[in-house]
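*Asks:* Chain by chain, the residues run as shown.
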Amino acid sequence: MNKTFLKILFYLIPAIVIVASVFIGSSTLFSKKEIFEYIFSGFQTSNQTLDSIIFNIRIPRILITFMIGGTLAMSGNSLQATLKNPLVCPYILGLSSGAAFGAALSLAYLTIPIQISAFVFGFIAVLLTYIISMKKNNVSTVTIILAGVVVSGIFTALLTIVQFFSDPFKLQSIVSWTMGNLHNSSWEKFKIAFIPILVGTTILYFYKWKLNAIALGDEEAKTSGINVKRDKLIILFAVTLATSSAVAISGVIGLFGLIIPHITRMLVGVDNRISMPFNFLFGGSFLLIIDDFSRSFFDFEMPIGVLTMLIGAPFFIYLMKKNNIGWE
Amino acid sequence: MGINKIISVDNLSFKYNNKAVFENVSINIFQNKLTFILGENGSGKSTFIKLLVGLLDVTEGNIFLKNKEIKNYSFIEKSKIIGLLKQSHKSVFPFNVVDVVLTGLTNKIKLFPTKKDYQLAYETLEKVGISYLSEKNYCELSGGEQQLVMITRLIAQDSEIFILDEPTAHLDLCFQSKLLSLLKSLLSEGKTIISVVHDPNLAFIYGDDFLFVDNKKVFRVENGTEPWNENFIKSIYKSSFKQIDYLGKKLIIPDFN
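Each protein sequence line maps, in turn, to chains A and B.
When we follow my numbering, the leftmost residue of the first sequence carries the number 1, and every step to the right adds one.
When we follow my numbering, the leftmost residue of the second sequence carries the number 1, and every step to the right adds one.
Source of the hints: derived by calculation from the structure; they are not laboratory data.
Fair warning: this is a prediction, and the values are worked out from it, not measured in the lab.
Where is the CB? At the ideal position from N, CA and C, for every residue including glycine.
Wrong hints could be hidden among the right ones.
To be verified - Distance ranges between label pairs, derived from CB positions:
| no. | chain 1 | residue 1 | chain 2 | residue 2 | range |
| --- | --- | --- | --- | --- | --- |
| 1 | B | Gln87 | A | Thr202 | 36 to 42 Å |
| 2 | B | Lys116 | A | Thr111 | 39 to 45 Å |
| 3 | B | Asp214 | A | Asn227 | 34 to 40 Å |
| 4 | B | Leu182 | A | Lys3 | 43 to 49 Å |
| 5 | B | Tyr118 | A | Thr202 | 55 to 61 Å |
| 6 | A | Leu319 | B | Leu56 | 56 to 62 Å |
| 7 | B | Gly143 | A | Lys229 | 26 to 32 Å |
| 8 | B | Ala20 | A | Asn227 | 25 to 31 Å |
What the hints assert, rightly or not - The list that follows gives simulated cross-link-like pairs (lysine to aspartate or glutamate, EDC-like), each with its CA atoms no further than 20 Å apart:
| no. | chain 1 | residue 1 | chain 2 | residue 2 |
| --- | --- | --- | --- | --- |
| 9 | B | Lys66 | B | Asp117 |
| 10 | A | Lys229 | B | Glu77 |
| 11 | B | Lys110 | A | Asp231 |
| 12 | B | Lys90 | B | Asp10 |
| 13 | A | Lys229 | B | Asp57 |
| 14 | B | Lys90 | A | Asp271 |
What the hints assert, rightly or not - Okay, the calculated bits of chain A under chain B, using three or more residues with CB under 8 Å as the criterion:
| no. | stretch |
| --- | --- |
| 15 | 83-90 |
| 16 | 203-209 |
| 17 | 216-222 |
| 18 | 267-275 |
Working from the sequences, and respecting the hints, build out all of it.
*Replies:* The following block contains the structure:
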């Protein structure tokens with residue numbers, strides 16, 4: 001395909017998906033035409049319900065969904081390249097179980113807000129994974145995954161204890177949180193996560209070229225002038241900052257950060273200079289489309305984590321069978 | 001004009017898992033020479049060159065790179081002076097060959113590579129004679145082709161010293177001699193080349209200087225003896241050889257008699 005055409009598509013599709021999503025929802029109180037006029041008048045209307053549903057419910061939800069999809073995909077890609085391992089994603093490093101435990105703790109016992117508790121414990125879990133896998137000031141590829149699995153196990157066990165001692169109502173909200181939720185998105189939540197996500201993803205964006213060099217091998221990168229140890233820590237920090245903020249407001253959206261980078265690689269190749277921004281735009285659009293489905297087809301709120309698995313997995317399997325990804 | 005030492009190893013000792021690999025090694029390596037490092041399998045040749053590029057830290061003693069201790073260099077500074085080709089390299093991700101070569105230019109690239117950097121990568125591919133591989137998938141190349149790509153990457157890095165660990169290991173006879181001629185030609189650009197090789201004859205045909213690794217030491221042949229001396233080679237490889245003359249060069253062959 002023509003390169004310029006691809007580039008236009010690159011930016012156009014996310015924009016179309018975002019705008020189209022504003023028109024999708026369960027409310028039947030107003031027509032599409034009214035929404036159209038509302039947007040083009042610069043969010044001015046005399047219809048209070050319209051204003052409140054579009055501006056206070058749909059738009060923050062769309063922005064949060066896009067931001068989270070993009071963040072998870074970009075973070076997954078960064079980790080896979082940095083650790084030279086196509087099997088890692090932020091959740092494999094213990095982030096999700098740490099955050100889920102934090103959220104459960106807050107829902108069941110603590111008075112601190114769930115977002116903060118999830119963020120703190122998600123961060124602690126990843127930190128633990130790094131510390132355990134550090135050997136002679138270096139993080140090795142295999143041990144970091146083993147450490148992640150162990151740390152995940154610990155926090156999952158702790159989560160089970162909290163669930164076991166919670167009353168049924170709290171238990172229900174804990175379970176719903178661990179399956180990912182976007183239905184109570186708000187501007188407030190957006191504001192909580194926006195800055196840390198912006199900082200994290202901007203750092204990652206500027207590493208998109210160095211990621212190529214690091215992905216080819218630590219020793220090769222070192223001898224060609226990269227301070228690999230320092231750069232790895234910066235990348236891991238940026239990933240943790242961005243994803244724990246994402247998890248804190250959306251709950252656990254399983255395997256999204258693992259699958260999307262693979263789909264991206266099949267579509268645009270392995271060069272991280274292209275795949276990093278593409279992951280953000282594609283991941284954002286993809287999660288938003290899945291959420292749009294959920295908003296238009298169900299009259300109840302299906303947890304987004306369940307849908308990403310049900311829709312993402314077959315798509316992934318299809319691409320995996322069709323393309324030779326080259327992993328041996 | 002005297003011969004300048006570019007790398008100076010001073011009383012180096014190195015232990016790996018508390019086992020001594022090198023003890024009190026002191027040796028100089030000279031500028032603008034093609035120096036070959038020879039020795040038995042497992043004698044520590046690869047370890048020695050990893051110490052020279054600073055990928056391993058010395059247990060005792062010092063290594064000076066252009067009169068400055070190697071550990072005092074930043075990664076960028078060091079990469080402009082010394083570059084390494086490892087024995088073998090595998091990539092997890094199927095990068096395009098030209099993108100692999102481009103990573104050799106890391107120390108020149110500020111934030112992201114420019115068109116000029118790409119041009120340089122293509123020119124280097126041409127110089128090594130593998131332009132036809134430019135857009136190929138690195139992971140699908142043969143071991144020898146991958147080796148050539150990594151050599152191109154090293155040449156693109158354009159450091160003053162090139163250290164190569166068995167660059168000919170995966171190459172057929174044709175590319176072996178092509179590569180060694182290429183390395184020879186880099187000397188005329190002022191480069192210093194240090195290479196581990198298995199085949200002493202390749203070393204004796206192309207080399208200027210020879211280092212031997214044996215029994216926790218790195219050393220040159222004693223004054224008055226030639227490196228292709230039958231008894232000396234026998235002492236290094238613990239096996240019998242015969243010396244033969246060919247076009248004024250001394251070669252050695254296994255003693256099959």
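*Asks:* With reference to the structure, classify each hint as holding or not holding.
*Replies:* Tested hints:
For Gln87/B and Thr202/A, the hinted distance range of 36 to 42 Å is satisfied, since their beta carbons lie about 38 Å from each other. Checked against the hint of 39 to 45 Å, the pair Lys116/B and Thr111/A fails, with Cβ atoms roughly 59 Å apart. The hint said 34 to 40 Å for the Cβ distance between Asp214/B and Asn227/A, and at roughly 35 Å that hint holds. Restraint check, Leu182/B to Lys3/A: a C-beta distance of roughly 34 Å breaks the suggested window 43 to 49 Å.
Take Tyr118/B and Thr202/A: their Cβ atoms lie about 25 Å apart, and the range 55 to 61 Å is violated. At about 42 Å, the CB distance of Leu319/A to Leu56/B disagrees with the hint of 56 to 62 Å. In this structure the hint that Gly143/B and Lys229/A lie 26 to 32 Å apart at CB holds, the actual value being about 29 Å. The hint said 25 to 31 Å for the Cβ distance between Ala20/B and Asn227/A, and at roughly 30 Å that hint holds.
Among the hinted pairs, Lys66/B with Asp117/B is inconsistent with the structure: their alpha-carbon atoms are about 28 Å apart, more than 20 Å. Distance restraint check for Lys229/A and Glu77/B: the Cα-Cα separation of roughly 17 Å lies within the 20 Å cut-off, and the hinted pair is therefore satisfied. Taking the CA atoms of Lys110/B and Asp231/A, the gap is about 15 Å. The hint holds against a cut of 20 Å. Under the criterion of a C-alpha separation no larger than 20 Å, the hint pairing Lys90/B with Asp10/B is inconsistent with the structure, at around 34 Å.
For the hint pairing Lys229/A with Asp57/B, the CA-to-CA distance comes to about 15 Å; that is within 20 Å, so the pair holds. Distance hint between Lys90/B and Asp271/A is fulfilled; the C-alpha atoms sit about 16 Å from each other, no more than 20 Å. Counting residues of the stretch 83-90 of chain A whose beta carbon lies closer than 8 Å to any beta carbon of chain B gives 3, which reaches the threshold of three, so the coverage claim holds. Check result for the stretch 203-209 of chain A against chain B: holds, 3 residues qualifying (beta carbon to beta carbon below 8 Å, three or more required).
Coverage of the stretch 216-222 of chain A by chain B holds [criterion: at least 3 residues with CB-CB distance below 8 Å; count 6]. Under the rule that three or more residues need a Cβ within less than 8 Å of chain B, the assignment of the stretch 267-275 of chain A holds, with 4 such residues.
Hints 2, 4, 5, 6, 9, 12 from the list above are not met by this structure, while the remaining hints are.
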